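Q: Going down the list, the sequences are from chains D and F.
For the first sequence, position 313 (counting from the first letter as 1) is numbered 313 according to this note's numbering, and the numbering increases by one without interruption.
For the second sequence, position 90 (counting from the first letter as 1) is numbered 90 according to this note's numbering, and the numbering increases by one without interruption.
Among the hints, a few may not be true.
[To be verified] Covered stretches of chain D (in silico footprint by chain F; criterion: 3 or more residues with CB under 8 Å from a CB of chain F, positions within the stretch not fixed):
hint : segment
1    : 62-74
2    : 107-119
3    : 340-350
4    : 353-359
[Unchecked claim] Straight line, CA to CA, 27 Å or less: simulated DSSO-like cross-link-like pairs of lysine-lysine:
hint : chain 1 : residue 1 : chain 2 : residue 2
5    : F       : 45        : D       : 332
6    : F       : 45        : D       : 372
7    : D       : 375       : F       : 245
FYI, nobody ran anything at the bench for these hints, they're computed from the structure.
On a predicted model such as this, the values are computed, not experimentally measured, just so you know.
Note that beta-carbon positions come from the ideal geometry of N, C-alpha and C, so glycine has one too.
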Amino acid sequence: MADTPLLRLRGVTKAYPAVLANDAVDLDVMPGEIHAVLGENGAGKSTLVKIIYGSVRPDAGTVEWRGQQVDMQSPLKARDLGIGMVFQHFSLFETLTAAENISLAVPGSIAELSERIRAASAQFGLDVEPDSRVQAMTVGERQRIEILRCILQEPKLIIMDEPTSVLPPQGIAKLFETLRRLASEGIGIIFISHKLDEIKALCDTATVMRGGRVVGVVDAKVEDARSLTRLMIGRDIAAPSHAAQRGDGHAVLEAAGLNYTPLDPFAPALKDISLTLRSGQITGIAGVSGNGQDALTRALAGEILQGPQDAGTIALDGVALGADTPDQRREKGLHFVPEERLGRGAVPIHTLSENAGLTTHHAGLVNWGMVKLGKRRALAQETIDAMDVRCGGPDATAQSLSGGNLQKFIVGRELALRPKVLIASQPTWGVDVGAAAAIRQKLIDLRDEGAAILIVSEEIEEIFEICDTIQVMFRGRLSPPVQVQTTSIDDVGLAMAGDFDALALKECAHV
Amino acid sequence: MSRLVIEARPERSVWAPIQVSLLAVFLTCLGGSVLFMIYGVSPLKGLDAIFIDPLRTSYGIGEILLKMAPLLLIAQGLAIGFRAQIWNIGAEGQLIVGAIAATALAIQFQGTTSPLLLPAMVLAGMIGGMCWAGIAALLRAQFNANEILVTFMLTSVALQLLYYLIGGPMRDPGGFNFPQSIRFDPAAKFPILIEGTRVNASIFIGLAASAIAVVFVQRSFVSYKMSVGGIAPAAATYAGFSSKKAIWLALLISGGAAGMAGVGEVSGPLGMLQRNISPGYGYAGIIVAVLGGLHPIGIIFASALMALVYVGGDFALLSVGVPNAVTGIFQGMLLTFYLACSFLLTSRIRWIKPDDLKQEAMAD
Numbered sequence: 001m002a003d004t005p006l007l008r009l010r011g012v013t014k015a016y017p018a019v020l021a022n023d024a025v026d027l028d029v030m031p032g033e034i035h036a037v038l039g040e041n042g043a044g045k046s047t048l049v050k051i052i053y054g055s056v057r058p059d060a061g062t063v064e065w066r067g068q069q070v071d072m073q074s075p076l077k078a079r080d081l082g083i084g085m086v087f088q089h090f091s092l093f094e095t096l097t098a099a100e101n102i103s104l105a106v107p108g109s110i111a112e113l114s115e116r117i118r119a120a121s122a123q124f125g126l127d128v129e130p131d132s133r134v135q136a137m138t139v140g141e142r143q144r145i146e147i148l149r150c151i152l153q154e155p156k157l158i159i160m161d162e163p164t165s166v167l168p169p170q171g172i173a174k175l176f177e178t179l180r181r182l183a184s185e186g187i188g189i190i191f192i193s194h195k196l197d198e199i200k201a202l203c204d205t206a207t208v209m210r211g212g213r214v215v216g217v218v219d220a221k222v223e224d225a226r227s228l229t230r231l232m233i234g235r236d237i238a239a240p241s242h243a244a245q246r247g248d249g250h251a252v253l254e255a256a257g258l259n260y261t262p263l264d265p266f267a268p269a270l271k272d273i274s275l276t277l278r279s280g281q282i283t284g285i286a287g288v289s290g291n292g293q294d295a296l297t298r299a300l301a302g303e304i305l306q307g308p309q310d311a312g313t314i315a316l317d318g319v320a321l322g323a324d325t326p327d328q329r330r331e332k333g334l335h336f337v338p339e340e341r342l343g344r345g346a347v348p349i350h351t352l353s354e355n356a357g358l359t360t361h362h363a364g365l366v367n368w369g370m371v372k373l374g375k376r377r378a379l380a381q382e383t384i385d386a387m388d389v390r391c392g393g394p395d396a397t398a399q400s401l402s403g404g405n406l407q408k409f410i411v412g413r414e415l416a417l418r419p420k421v422l423i424a425s426q427p428t429w430g431v432d433v434g435a436a437a438a439i440r441q442k443l444i445d446l447r448d449e450g451a452a453i454l455i456v457s458e459e460i461e462e463i464f465e466i467c468d469t470i471q472v473m474f475r476g477r478l479s480p481p482v483q484v485q486t487t488s489i490d491d492v493g494l495a496m497a498g499d500f501d502a503l504a505l506k507e508c509a510h511v
Numbered sequence: 001m002s003r004l005v006i007e008a009r010p011e012r013s014v015w016a017p018i019q020v021s022l023l024a025v026f027l028t029c030l031g032g033s034v035l036f037m038i039y040g041v042s043p044l045k046g047l048d049a050i051f052i053d054p055l056r057t058s059y060g061i062g063e064i065l066l067k068m069a070p071l072l073l074i075a076q077g078l079a080i081g082f083r084a085q086i087w088n089i090g091a092e093g094q095l096i097v098g099a100i101a102a103t104a105l106a107i108q109f110q111g112t113t114s115p116l117l118l119p120a121m122v123l124a125g126m127i128g129g130m131c132w133a134g135i136a137a138l139l140r141a142q143f144n145a146n147e148i149l150v151t152f153m154l155t156s157v158a159l160q161l162l163y164y165l166i167g168g169p170m171r172d173p174g175g176f177n178f179p180q181s182i183r184f185d186p187a188a189k190f191p192i193l194i195e196g197t198r199v200n201a202s203i204f205i206g207l208a209a210s211a212i213a214v215v216f217v218q219r220s221f222v223s224y225k226m227s228v229g230g231i232a233p234a235a236a237t238y239a240g241f242s243s244k245k246a247i248w249l250a251l252l253i254s255g256g257a258a259g260m261a262g263v264g265e266v267s268g269p270l271g272m273l274q275r276n277i278s279p280g281y282g283y284a285g286i287i288v289a290v291l292g293g294l295h296p297i298g299i300i301f302a303s304a305l306m307a308l309v310y311v312g313g314d315f316a317l318l319s320v321g322v323p324n325a326v327t328g329i330f331q332g333m334l335l336t337f338y339l340a341c342s343f344l345l346t347s348r349i350r351w352i353k354p355d356d357l358k359q360e361a362m363a364d
């Protein structure tokens, strides 16, 4: 390892109107080092990397690049120096294809790039179709494009903001292999994650942040998950308690023969999907994003497939939902937490009060066509209290909350009406450890009250942690359900790559 | 080092829309001053002629109220759609069709003294405007045809319809072939409110519409659903709010309001159907709605201001001798400056010194 750090930050400070995002932050990244930046949402990690990447300018402090002090005026400057970035919030043009998006940052014709993309896709296990449009892609696919775009720019320092949340286990291993190989060639990597086991597996050093400050620089290999957690959030967190199955397990929501062909030929279809959600059970749907999970949740929630029922049937407590709108389904007890928080689960510029009314208005919030403002505000306040949402109160706008806090609010809002069925898509995606644990515990509590829950997640550990049964989605098909106790992460990983037999065989063996 | 920063507002500000509107008015005055100087008129005199002179006489105030009535009504209707991102820019056409529908009744019941005639005409005007806007709603809801283009082009169609009717079926038989309808009977006209002016009772329709709009916007669930659909369509889909209903409602409400404004013209200062029934109220209403921050109260002030500019333009023509195109230029400047400043609705400008940063963050 060379003596001069690749990147050295001293006393970097950045204040926003309501918060001091970075307070005198120091950071050293050596060539060939994989350096973790660890912290809860709102700890200042994103601001820090934006400063390094030149998209936010610090109020004070210095940035040195290979021993020279530099003024990181813009991402262009950062890229010129050899800093690449994979953002947590994607910066892709929706109307362009994957290859076209990458061509905006990487020189070369579309045809050449498509070849390089295919080669890199295969090399790193990042499944991306160069000719398909971003519009039709899920969060996971978009992130894979971001990673590829960064790798193709051949940078000296790569910043990765929560890159693994969308990869299957085998893919994560492959990505780590790649990152290690890149590091061995002298490339520095800043790896931002909240998954402690990943940081331990991959990183050399971890800089832990809390409330905008660096609270520790530790050897990632030496520390254990518990000590890192304590450093990160300042206290221990309880693992979700998972009682034995409750209720009689009767079928609450039954879907049969769902077929859906989207208008966009590149968007995933649904192929003859049948699914039963039972009282007192959490069913987890594993799979790499973009295999039809989005269409499945939309179909169950009533956003698509409302029309003629040759597309299949969905019944709640034995009564067909037919052409019910999402609103009507919610009234019957079927609630949904979507994966996009801002713009779908909540209206960004509306206050939390107004957002509380988005899905709960049939609980006596509307009288003679008029919204009961006081009652809506009270509901927002109750949700804030029940979920420990850190915010400026019911009048704060949704966009002023951190991702984790907004997600807690949205989950709390859906829980407030005691749903019979709750569908949650990526409930803890991009959410800090503390908030994620709180959300999972709330889901388990709801299950213990006898609700039927469906969780779509790309975090296979999450599914194993809280689900009772697992089903895997691959290219629009859904595997048969297996009990969590009778399967393993490896088997589910194989099924995520299309080998449903890996699950089915186990199931037979236990029957 | 201290510097000027533009940053997002952490909370929604009640004052921001008012600040932006006042800033737009201030910049318009600056721009207007330049314009007056080019004409060799003292800027102070020119601005005085436009903004102050009309307020000095009861005639001037009457004229302002007269012009405010249709602007207010149209803008309140349009704003409801604009908040839902449904852009009806054809209020001018809906106004014309509303006027035609009311005129049909006035001709049909010529000679009557029934007090029911005027209300019936207002209703007919509203339905006429709704039907005209309904065409755009149908095309948008069923075929996803852009409502901006459809409403705009339907205005041209409405004009041709007007020209045809007053040149033929609706022409006054005793009117020496002038392209205009009969003069309306007193029963078909709004009563004059202030002796010696032209201001009539149609202003009450605008004020009533404003009162309804305040309640509708701040309290009604329908308005909430429409605003969600406008700001975050994915959230509306997720919640299960129908976008088609929002399209129909937005266009029918704004069309109906514009249609009633048309009745206010033919049953008010004009007293008949003729070629020029609106000096562009339908388009000025768009400016009023935007300038009022799409807020019912703001729109009341914005419509008064815009009416003042209309009347002031005429005053300036007489007193300082500038062409009355000044009216259009001032209206255009108001809208342009408002849009240019509208980033201040969601952002704010602040002068910061590094020392302040920490203290401020600590205080928070």
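Q: Give a verdict on every hint.
A: For each hint, the structure was consulted:
1. 62-74: That given contact is violated, which follows from only 0 residues of the segment 62-74 of chain D lying within Cβ reach (below 8 Å) of chain F.
2. 107-119: violated (count 0)
3. 340-350: This one holds; 9 residues, not fewer than the three required, reach chain F with a Cβ under 8 Å.
4. 353-359: holds (count 4)
5. 45(F) with 332(D): Violated. Residue 45(F) to residue 332(D) sits at ~68 Å, over the 27 Å cutoff.
6. 45(F) with 372(D): This hinted pair is violated, its Cα atoms lying about 51 Å apart.
7. 375(D) with 245(F): 26 Å, holds
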